[in-house]
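Given chain A, work out where chain B should sit, using these hints.
Number of protein chains: 2
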Amino acid sequence: MKKYVYSFGGGTADGDGKMKDILGGKGAGLAEMSRAGVPVPPGFTIACQVSNLYFEAGNRVPEEINGQMYKALGMLEGRMGQKLGDPGNPLLVSVRSGAKFSMPGMMDTILNLGLNDETALSLAGKGGDRFACDCYRRFIQMFGSVVLEIEKNEFERLIEARKKKARARLDTDLDASDWLAVIAGYKQLVKKKTGRDFPQDARRQLEMARDAVFRSWNNDRAIHYRRMNKIPDDLGTAVNVQAMVFGNLGETSATGVGFTRNPATGERVFYGEFLVNAQGEDVVAGIRTPRPIAELETVMPEVYQQLREITAMLEKHYRDVQDFEFTVQENKLYMLQTRNGKRTGPAAVRIAVDMVREGLINKKDAVLRVDPSQLDQLLHPTLDVKSLKSLARLGRGLPASPGAAVGRIVFTAEDAVEQSANGPVILVRKETVPDDIHGMEVSKGILTSRGGMTSHAAVVARGMGTPCVAGAEMMQVDERGRSLSVSADGRKVTLKEGDWLSIDGGTGDIYSGQAATREADPTSGYLAGFMGWADEFRGSFGVRANADIPRDAKAARKFGAEGIGLCRTEHMFFGEDRLPHVQAMILSDNEKDRRKALARLLPMQRADFAGLFKAMDGFPVVIRTLDPPLHEFVPKREELMVDLAKLPGADAAARKEMAARYRMKAADLKKRLPELLKRVEQLHEFNPMLGHRGCRLGITYPEITEMQARAIFEAAVQVAGKGVKVIPEVMIPLVGGVQELEHQKAIVKRVAEEVLAKAGMKNLHYMIGTMIEIPRAALTADQVAKEAEFFSFGTNDLTQTTMGLSRDDYTKFSKDYEQKKIFKADPFAVLDQEGVGKLVKMAVELGRRSRPDLEVGICGEHGGEPSSVEFCFRAGMNYVSCSPYRVPIARLAAAQAAISGDKTEAMRTA
Amino acid sequence: MKKYVYSFGGGTADGDGKMKDILGGKGAGLAEMSRAGVPVPPGFTIACQVSNLYFEAGNRVPEEINGQMYKALGMLEGRMGQKLGDPGNPLLVSVRSGAKFSMPGMMDTILNLGLNDETALSLAGKGGDRFACDCYRRFIQMFGSVVLEIEKNEFERLIEARKKKARARLDTDLDASDWLAVIAGYKQLVKKKTGRDFPQDARRQLEMARDAVFRSWNNDRAIHYRRMNKIPDDLGTAVNVQAMVFGNLGETSATGVGFTRNPATGERVFYGEFLVNAQGEDVVAGIRTPRPIAELETVMPEVYQQLREITAMLEKHYRDVQDFEFTVQENKLYMLQTRNGKRTGPAAVRIAVDMVREGLINKKDAVLRVDPSQLDQLLHPTLDVKSLKSLARLGRGLPASPGAAVGRIVFTAEDAVEQSANGPVILVRKETVPDDIHGMEVSKGILTSRGGMTSHAAVVARGMGTPCVAGAEMMQVDERGRSLSVSADGRKVTLKEGDWLSIDGGTGDIYSGQAATREADPTSGYLAGFMGWADEFRGSFGVRANADIPRDAKAARKFGAEGIGLCRTEHMFFGEDRLPHVQAMILSDNEKDRRKALARLLPMQRADFAGLFKAMDGFPVVIRTLDPPLHEFVPKREELMVDLAKLPGADAAARKEMAARYRMKAADLKKRLPELLKRVEQLHEFNPMLGHRGCRLGITYPEITEMQARAIFEAAVQVAGKGVKVIPEVMIPLVGGVQELEHQKAIVKRVAEEVLAKAGMKNLHYMIGTMIEIPRAALTADQVAKEAEFFSFGTNDLTQTTMGLSRDDYTKFSKDYEQKKIFKADPFAVLDQEGVGKLVKMAVELGRRSRPDLEVGICGEHGGEPSSVEFCFRAGMNYVSCSPYRVPIARLAAAQAAISGDKTEAMRTA
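These protein sequences, in sequence, are chains A and B. Here my numbering is used: position 508 in the first sequence is 508, and no number is missing along the way. Here my numbering is used: position 145 in the second sequence is 145, and no number is missing along the way.
Worth flagging that the hints you see were computed from the coordinates, not collected in a lab. Since we're looking at a predicted model, the values are computed, not measured. One or more hints might be untrue.
If several chains are the same, the list does not tell them apart, and a pair holds so long as it fits within one copy or across any two.
Said to hold, decoys possible - Okay, derived cross-link-like pairs now, DSS-like style, lysine-lysine, Cα gap no bigger than 27 Å in a straight line:
1) Lys671 - Lys430
2) Lys152 - Lys164
3) Lys492 - Lys678
4) Lys492 - Lys187
Extracted from the complex, chain A is given alone in its bound form (with noise of 0.2 Å):
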């Protein structure tokens, strides 16, 4: 007959490691334990298969399988010397299931088997009476409510009501009376709720536990979870029966838990905290203060010099960090679980290196063995705990741009260059527009109400790598009165301008005061070293940045990009000093005014582009022609209508202050106000994410696509002719078909070839491509291929598109759409791989097969986060491209993804 029930203990196992479909994944892991000689509390594994048995069979397990479960209990029983139900003697047990696949918190346990009220004094007799009736209504209470189905709560509102009658606070300071009270009591619950006594036989309760384990395998939580995770329903879960060891048995027993090196830092120290006499719960409990494990040393010698052993034993089998728990019962040390440990991101930068150091693992193990995501902990100041503690915390707004900042609250763009030059200041606003980017570009943090993962707000912070919290929504942000508000614990906290602000942009927190915080070093050692393995394995795959001016350029060569993916110009259009000419172009109804406004921009974005240029010497710098719809640049419809409506009862001063806002003589108010709205109620847009921007710009105005390519090849000959080396590439954005493209591109390749031709540069290599960001562009990738020399996934628009969402009011039904399970994950900050890198996969395969050669990135924010890097690798991408502060996170994305390529090219051909 067919081997079900694998047994282990003693240094010895049926079962090993590697046998994670039959064991489940615990039981794989206590039988290699075992096998490696640690000392487990031994027991028994019930295979996975058993559990579709027992459905097939209809809810029963056959008659053969218990008996290998009996002739495995007798040999527990053997090992322990303790008899399961044995009045004199008992064995206690854990009942724990474990699936292949780890699916935690989704099915239950039970510990303390086999109690009864013989053997129950029987452990009194070894523990005490307190102890022995703590073990006991535990037991009744996870058996009463896994296998028997009894509300939780209806076993606490006992103990609350002892409590009461005993005027107890804490459940410790209930003694044996009381608890012999509440088992009572609890017996009485099970008899009424099931209308049976609560079962005495040590046997039954042992089947009825596995089977209830067998039954969770299909309860609602679990088929959810396996459905959102993929996890094949035909599995099963085994079922793992374990010696119960007791590390609260007197001031020879004890408990705690460790890691083998400092999961902070990843200094090779052995770290971790025990209780003499208390059980697992109390060291996380906080009741009694834990000590450090080093004093364990002096405690028990013999214990320390053991545990040491076999965790460096343990790390070493592994090959990792290993997060351990022990229980030593009357002076035996047991080992109850071991995992590879979880740890910061300096941590596991610095533990990977030291262990290619130690020859323990090699570079290729190293470079897979930290989460990308972790080393943003590496590249940004964070504020100081310690600091934290006299500070209120206001809330949590979404984690937009990591780092921390601290400073004094402004409120406007204006308010914060005047401001900035007394001290740092924080940005606060309800949402932030294009117009405010020079308010934003001098603040150390930005903080608004509104708006997600990639508003405003978000996208720009990050890309200048200044840490945000965006979409606070608890917060009320008066901008004109210039005070914030946010309920917090219970009452209202109202800040105003000038007050002091520390936002986290790593983890969204706001509190109100001064915090202190801690620089970064992102050329430390450890990472520079480890980066360097990375980019090894990266190969010819690139990561560039998104970057708009040279100050953000620099920066991201110092994170390591290899040229610029996404130079947005629009960016440039805001500056103080050109925002009039901007207007005065927008607001002129005829080509002739436009062109004279335009040539006035010429000279300052030539500069711009020839700072890029110089910053990137010898890497691609692809520049987008002006993508925002027009009406960014003037001011809003809103607040000239209300201005508008005001004007009337306006005094003097009102006035005036209205007068600066628009930069309009006081007098002029009343014929030019309603002017300007006029033209700004023709730019006014239902859509404008939809609307009249990208390219359908540059075709209704071909001469601002002309000025940008002028600027642009101007800008490359001048730096060129210094011995730069420049390599543009006009990118086209919102392309929907090719024609749209064919007509930008005339133009610029027109300009081009005018602007070369004169400086005798005829052999400049440049590119004319386009963003992919419109479903219907990648539909017809084909096509749009044969016209663009380069494609660039705009993921940011795409995802938009593709999931008909626009990212600024998805905010308002995340929490609904995450919680109940509609997405995975925000798909503003993970690639949709499903919808939007279904698209992406067929307009790489499409435009090659035009163009074999053709180049393609990504520019869009998931250009840096790593599952969506490794997508883009599988989908043949050239390059990735994003913040500055990123580069080092997509560059080891990268690299992993090269590490899997073997694996993910078969996926990928599947």
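Using the frame of chain A, we list chain B on its own:
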């Protein structure tokens, strides 16, 4: 040697009508007529291939082909008894291009070739000096511009100068001596521009003209036209050389045009006009008034008889109404052209039906003969043309919903309701919003200054069958001031409330004043019979209507709809009696209050659905759950902001007006307006099209879906109980992935089962499906179809998202896009088959892969556009759904698609 030149004339021809590849369209037609014994001026055709040979040989015609041409010329000279260039009896010819596919206006024509200083004298002997001079100067002008590439207006300028000198107003006021002077001037011009004399050698003229026609194949216009129309570049153009005939050689000559049947009504009467002693141009130029063709019988009885016989024969030959041109030269009849005649919609139907009765064509031909969009003219009232003469035309907007409407102007929905009691009104708005529905319902017509063919006004008006002109951007609408102004013909016209206005929704024309209208008869005998034939061929491919209220549903049935393909439930939310409850629901901040408001809406929705089910007895009714974002149901944000700004300075009357608008007490305004604004601000969206709407609402507020499901199934039970056959199909909008559908379907199903079980009607058949209107749903259609029992393509939104193009904002640059040929047509009117269509086909295929019997339809505006209907048929859909008034159009388009199914089936598998 291969034959390259084909003669025709004298009742015979080398080629025939099928040889379009070789002879081009015109040449093949001339050969066919000649063979059929029709007296056409004789001539010859140089084959299309020669133009390729011409280019290959470096812009020369190979010598042997020249030989063939002169041989054919010799034959022509023989037939005419004249010789090219013979001063005594000169042959004059026309030289015209003629490619396989008609390329109207792309290439040029030269008349009177063969004239020179000598032959002109001979012509003078025949027709007088003035005649000869006129012919000669016309020839120099055409030859000069087409062959010698001299600007046309350089010639015009010389005539103008002469007219000034002669104090003549019209060309006809000039006498022979004037024309001689003009000719002299022309010749000087040619010498000046080309450096040579005007060619006097007639054979050289012929060769030069022929080569110029060949070259015109490659002019920019022609190349562009071919690219747009996907005509291969290597087809080349033929050249037709044909003897000139003159209708202006005295009283025995004449010229005329005609139709074999009345092209306006279809009546079988000989129809046309002629002029004695005139040229073709004179008939159309309007200088002399042509005479009805019946009078030709008296003037030239024999010619008339011959013309009747020939045209009757041609109609029979081509089996279609002929539109012909003829010339009588000295009592001899020549047919210059015949082609299938353009006709109005009513005429098309009548002719097709008559011709079947006459045995000329079969039913299938008849069904293919009528352009489906022409049916529109039969289905709506029209403006009476005569009555327009006394009115001022104000301009033209977009023809958004066909039909004529005449009424007094109102500027608000409220005024419309009030004034419509006193007589017909036209609602004039900048744009309409859902709030305006009650005003739109009572108006005879709707006129807006903003928005496109699928703006709210347009969509709703089409659904109601109400004439609408949208996006009349030259018009300034001042809704508060109750006036509209237009600058027409340089002067400003201002109309006020109560002024009469006439609009034609079929053309977009707007007239100030009260026009007369003519009612259409949609159930006329001809149309009814014709549609019957169409339905025979249409087979199982269904046509449904989009209808929200029983009135529209009944209209839809009258027009032949086989069910409702889209009922928009939100329509019902805007009713005067409902809006307060809807607003109460939206403004409440907890589920309990929302449920209270919904409970009040339930009986109203139930009654609505019951009405629809009754009207559609036996046919399916697709009901879409709530779709628009909630802010559409509350006051506009900007209006609130403006009112709030005005409030402090408002006098009692203004406060009263404001209070009435917001349904508040005047005293409460100060407190409640800011509260209202706050909630409206929360609902405000940046891109409402991509915002919190569709199933996203139902997921956030499941109680809304629940109420709607309850209303649907309670109505179904109620109506089914009365013996009506009810087939509800519940449609979930804006689904992007299967998870959303799963969530909403569970609610609908639970309520349905509950209601049906309670009523003991468990067998009532219903379906739950989804709209496919977001690219992601199409891309993951295999997943979606696992839950969806039907798909309905919402191609309005699918076009918006796939193209990243807001239909409301597209009007801002639609002119640029259509003029610059970026788009071939408005993608909201004609489905973009290349992009959006690709997604549609993909979704149908993926959907059927999961669910082979998936019902698939379309409910976007495209469902009533003929080429899109054909596409839907080819894509394998089960039905289309459109506005009730477009149902016959869709039925016909579907029939035509079905008839050409064999061919298109092959395309589908290609």
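Hints, verified against the model:
no. : hint            : verdict
1   : Lys671 - Lys430 : between (31 Å within a copy, 23 Å between copies)
2   : Lys152 - Lys164 : within (19 Å within a copy, 108 Å between copies)
3   : Lys492 - Lys678 : between (42 Å within a copy, 18 Å between copies)
4   : Lys492 - Lys187 : neither (48 Å within a copy, 94 Å between copies)
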